[in-house]
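Chemist: Based on these hints, arrange chains B, C and D with the ligands on the given structure of chain A.
Chains as they are written, first to last, in my numbering: chain A, 1 to 325; chain B, 1 to 325; chain C, 1 to 380; chain D, 1 to 380.
There's no promise every hint is true.
In silico lysine to aspartate or glutamate, DMTMM-like type, Cα no more than 20 Å apart, as pairs [said to hold, decoys possible]:
#, chain 1, residue 1, chain 2, residue 2
1, C, Lys335, C, Glu325
2, A, Lys24, D, Glu347
3, B, Lys303, D, Glu40
4, A, Lys24, A, Glu3
5, B, Lys303, D, Glu78
6, B, Lys47, D, Glu347
7, B, Lys303, D, Asp350
8, D, Lys305, D, Asp282
9, A, Lys303, C, Glu325
10, B, Lys215, B, Asp187
11, A, Lys303, C, Glu78
12, A, Lys47, C, Asp282
13, B, Lys24, C, Glu325
14, A, Lys303, C, Glu347
15, B, Lys215, B, Asp317
16, B, Lys303, D, Asp342
17, A, Lys303, C, Glu171
18, D, Lys305, D, Glu37
19, D, Lys335, D, Asp121
20, B, Lys303, D, Asp282
21, A, Lys181, A, Glu3
22, C, Lys305, C, Asp315
23, B, Lys24, C, Glu171
24, B, Lys47, B, Asp22
25, A, Lys24, D, Glu171
26, A, Lys303, C, Glu40
27, D, Lys305, D, Asp47
Simulated from the structure, these hints should not be mistaken for laboratory data.
Keep in mind it's a predicted model, so treat the numbers as computed, not measured.
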Amino acid sequence: MTETLTIGKALNLGLRRALEDDPKVVLMGEDIGRLGGVFRITDGLQKDFGDDRVVDTPLAEAGIVGTAVGLAMRGYRPVCEIQFDGFVFPAYNQLVTQVAKIHARSRGRLAMPIVIRIPFGGGIGAVEHHSESPEAYFAHTAGLKVVAVSTPADAYWGIQQAIAHPDPIVFLEPKRRYWEKAAVDLDGTPSPLFASRVVRGGDDVTVLAYGPMVKTALQAAEAAAEEGRSLEVIDLRTISPLDLDPVFASVRRTGRCVVVHEAPVTLGLGAEIAARVTETCFHSLEAPVLRVGGYDTPYPPSKLEEEYLPDLDRVLDAVDRSMGF
Amino acid sequence: MTETLTIGKALNLGLRRALEDDPKVVLMGEDIGRLGGVFRITDGLQKDFGDDRVVDTPLAEAGIVGTAVGLAMRGYRPVCEIQFDGFVFPAYNQLVTQVAKIHARSRGRLAMPIVIRIPFGGGIGAVEHHSESPEAYFAHTAGLKVVAVSTPADAYWGIQQAIAHPDPIVFLEPKRRYWEKAAVDLDGTPSPLFASRVVRGGDDVTVLAYGPMVKTALQAAEAAAEEGRSLEVIDLRTISPLDLDPVFASVRRTGRCVVVHEAPVTLGLGAEIAARVTETCFHSLEAPVLRVGGYDTPYPPSKLEEEYLPDLDRVLDAVDRSMGF
Amino acid sequence: MTALSHTTEVVDPVPGAGAPHLPGQPPLVQLLTPEGERVEHPDYSVDVGDQELRALYRDLVLVRRWDVEATALQRQGELGIWASLLGQEAAQVGAGHALAADDMAFPTYREHGVAWVRGVDPLQVISLFRGVDAGGWDPVATGFNLYTVVIGAQTLHATGYAMGVQRDCAESAVLAFLGDGATSQGEVNEAMIWASSLSAPVVFFCQNNQYAISVPIERQSRVPLYQRAAGFGFPGVRVDGNDVLAVLAVTRAALAAARDGQGPTFIEAFTYRMGAHTTSDDPTRYRLASELEEWKLRDPIARVKAYLARSGIADADFFAAIEAEGDELAARIRKGTLDMPDPAGTEIFDHVYAEMPPPLAAQRAEFVEYHAGFEGGVER
Amino acid sequence: MTALSHTTEVVDPVPGAGAPHLPGQPPLVQLLTPEGERVEHPDYSVDVGDQELRALYRDLVLVRRWDVEATALQRQGELGIWASLLGQEAAQVGAGHALAADDMAFPTYREHGVAWVRGVDPLQVISLFRGVDAGGWDPVATGFNLYTVVIGAQTLHATGYAMGVQRDCAESAVLAFLGDGATSQGEVNEAMIWASSLSAPVVFFCQNNQYAISVPIERQSRVPLYQRAAGFGFPGVRVDGNDVLAVLAVTRAALAAARDGQGPTFIEAFTYRMGAHTTSDDPTRYRLASELEEWKLRDPIARVKAYLARSGIADADFFAAIEAEGDELAARIRKGTLDMPDPAGTEIFDHVYAEMPPPLAAQRAEFVEYHAGFEGGVER
Ligand SMILES: Cc1ncc(C[n+]2csc(CCOP(=O)(O)OP(=O)(O)O)c2C)c(N)n1
Ligand SMILES: Cc1ncc(C[n+]2csc(CCOP(=O)(O)OP(=O)(O)O)c2C)c(N)n1
Ligand SMILES: [Mg+2]
Ligand SMILES: [Mg+2]
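Chain A with its partners taken away, still in its complex shape (with noise of 0.2 Å):
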């Protein structure tokens, strides 16, 4: 069966799909019970499932994640919601030292199959906190995996893949897509979870984005066309472990690259990528990997917003400086 669905509905059914199919599941937050959590996405799921499988947890990041740990020890299968980006760092000694860290310091004895709900990135015109791109913090822990929908069929089958997954998960949510819609088959056979996927062929340069910024890319793509240029869009789609295979098979073609991410530039994903397709496809490179994100600052204030995150502006110059080198 397919069905229109906006990626905030294809969530929320994903998540239902997963209650339903296994009693371990449990899903903790702050406000997700009675209210559906602030983006909803958690909508009537408590009343079906009963406060126990869908609980309304005290207001501590560190106790969400911290009593997931317990949870999961003992065999259940926690999906956390951190309400916003910028407020999953109460709970960050608890994801380093403790999600990441207890498979091996278990020697493989205990599994943390944890999946963290983040809502990410700006755009929503929100107050300070409220548009944070931490996915680099995460991907440089080693033990967690990250992964960055930007589809309703992602989120619909991306947030089942990672709840049934042993591996403790970041699962990041585009929020200012939410409300973006598609069709989902709801039966078919989804993609892998730990897998990149071209969204668009193109020979000219080869672009990279993940989330919120495949969009971006997209129109980038697309009004780049318009000028004849030819660009292959990425959805990176896993950001720990990086499946950049496809990107090597594109770039040795292209010979150029460009990364957008909302997060600041400097050490953001970006950077790791650029290391990594320089070292594997340096002879075939015309340019250097070139970087279009967030600057090194704060969040600004949101009527600044559109001026610090990347747009389909600022994707093409970075295209343009590419086929300039």
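Modeler: Frame of chain A; chains B, C and D with the ligands shown alone:
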């Protein structure tokens, strides 16, 4: 006056001088008072400056950093000791959402002259969480500055410069080198805090390191010299901001670059440096920038740390690979 | 097992208190009933002259007016979001009036009433919610810190600031605001531990408006919040948060004790959030209209008005004048909001550091150059 | 100001307790005096037969013997570090004996005594301190989690595990260990808030050994720690941590209450760390020898021995047999430590994930290949 000092003693003297020079300097941390800290870096300071200026805090890192913020707002210059690298994460929220952002939030009205001292890195045969290299987390955080010292002179001067500086600084101390000695001119003119330094000239490959790995890089250069290979070694010293002009100049000459650090390679400092060096020196590079770092795993039990940590051989191996391009 | 099977009994921090209290709730300090009658309390009294009473009333009315106008501006798309203080005016105005000039307050994101009392221009608060800046006022000059959005983080700042006050041997105190939900954050508990251990002159002022967004207070604590303090070794007291006089009395006493070297106090101002959590919220999803109706009867402003009128401290002219002042304020806020200039793009870079590092300066220069490229209208 | 100027009085959680207590300290539950006399307590009693008494004694002696041997091994360079339990044997053995088979314990890094009672092989603890692994035992099979080095983090795990127990409708309880210093960590306070709010079947067992490394308990709390719990709405009790019977009684009761759906309890086992914090520490820098002398008189083992001997439950042969068993154990630990194989280098990679991602598999392959290159002895 020139004295031969260990890095640990140089830090102790530097802190002493900072306490003498500015009555607003307050040291805070776990066990830094009567015990003098687990590494004795603050030895004798509480005795001489009193427990209002050298504060044994309750056992809570968020508390240490969070109260330092308030002290800074009141005009003090707090110097926080985090006992070991792996224990900075409970303070992560305060560091990332507060310390790093308050200057911007207040449009410059509130300065945050806070120093966070962290003994970092491995090689001391310790148990879990005592050997980590969290610098990339901080370097990806706009609003913080990050430095790493590698010599007694830099330790002595650097800590004083950091305390006198108006911005928050994560001050990384190479714990396994605490006991290494060198002459320090206590009245000399210090190098600027935010500047990298060529510590050995060479022509074939540029090797970058900071903190504990500087010594490793120098050893590698020594060994390479015996085989007729000339490595230029640069001590980065400042990790955020990076001072790469000397690196660019060097790489333009050598055409080859290897970055060494203990932190996991993925999204470690090597990633950023590789991306920037490639962007800036694209046409000079004979080989991609290569990275020698920790593996993308938790720091292992100490019986395996020699295998985990970059050493002379792994640096030389990377040099070989670079030359092989 | 008896010793374990009961919830430990708690000490009433207001021994012998005969104050009226809400049904099913522990006693709370009250000096002015919902009906506007002055009542006595064995431990707390407040010495307010007629002029201060009128000033309190004026502040209550004006901050509500401001709040209503801001909510309207948000509905009209002029603000990104607004966090309403509706129902919490007495808690905030009372606490604000308790502060001495050189005390320092550390608000959350909802203390517009305290901001007002501290002399912050409403437009400097509005600018935050409009997305122009993170608050336009001077925290040092006003003795009122910038808003802190990360729940609870400011309580540690307040405690550290109080440590500075101690070191300065200053006769000042610090007032740390927090919500009921915030009491669950680790950092807030650390702040209390710190303050207790160091006897820091900080008062924790918790507006228990009974909800953290949608989550009712019962999820955060199964005993009244003021009792938390005893576990950390310092006094806790529960006050009727809709009674501006009681709040003033209790907060003044706690701040005086702090200045006097007696360390921290925890004040639980028991109140109710009459509006939505913010303009983005829909409280009909999680609370009953009847609850709201019940709390309307405890309105923090009506009782002061009733008292002022009945006691003859204020007359119809006074009330009308305040109304008019409210209208003027609202108009000024509206105009000020609409006239507010957008920030310059370079603001992104200019305050990140006291000393801008060269790589950031380079980014800034590129930014300026890049945008100059569009100047001629060549934006694609 | 009186209502504010005093530290809130606290309820004695053991009402009417006439138990002997340490000078200047609040009453604590005691069933066996330092002189080895059984005493009654109004709320707590323990039903232990002679055999269990002897078993308790044996465990106390053997864990001390293990500890002494480990300290010696560290001094000889065979362990990287060792965290001694000296002085805390009764707290740990008593707590361990209170656990039912399917209860779960969450230790810090010092609960070797509990490990022993849970059937963990000492060598599986030693391997952590030798740097071979992070603890070699099976946390699920033993009902004893791996050690947690980050102070306090395990208290949240314990609480979450207890939430799982609730969901399973199992009749089990969870015992979360923590130190006095740990009570200052935000996460620990969150764990208590969580446990209280959700009535989770978890007991917080705090060994107040009066120091967090060098920092005395007074820096963490100005009131006795057991009182913390009341602030969170659940019972706290203080027990003589050097009295194995009292610890057993109090912990059993608390675990039973938890299993019975009555929610959490906080137990403060008042004890003393007789040794250094770890072998890296030098306690002469921060505490007086006289303090140590005083605590020697409250030795947790001597009092049991005195009682067993005086009451005729054990005789000289028994004591000698236990001594001999201790020597054997020590020899086995020594030999086992020296014989312990080093881990394979590939262990660095093999357990990071349940499903190893391809880039890590590639790193592992490179690692293997790189080290194979040295096989022929060509390491520079
Ligand atoms: C660390 C953190 N987590 C989550 C949030 C999102 N959030 C904003 S307000 C709020 C509820 C706060 O409740 P309370 O402390 O009672 O204050 P109130 O809003 O009722 O004044 C939450 C969960 C946040 N701002 N910070
Ligand atoms: C988060 C964190 N901060 C600091 C440390 C370093 N540290 C190890 S043990 C210790 C003291 C712990 O004291 P307490 O909780 O009383 O336990 P005890 O060692 O006395 O058993 C400290 C500060 C740590 N392990 N974790
Ligand atoms: Mg609230
Ligand atoms: Mg202790």
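Chemist: For which of the previously enumerated hints does the structure constitute a violation, in increasing order of number?
Modeler: Of the numbered hints, 2, 3, 4, 6, 8, 9, 10, 13, 17, 20, 26 do not hold.
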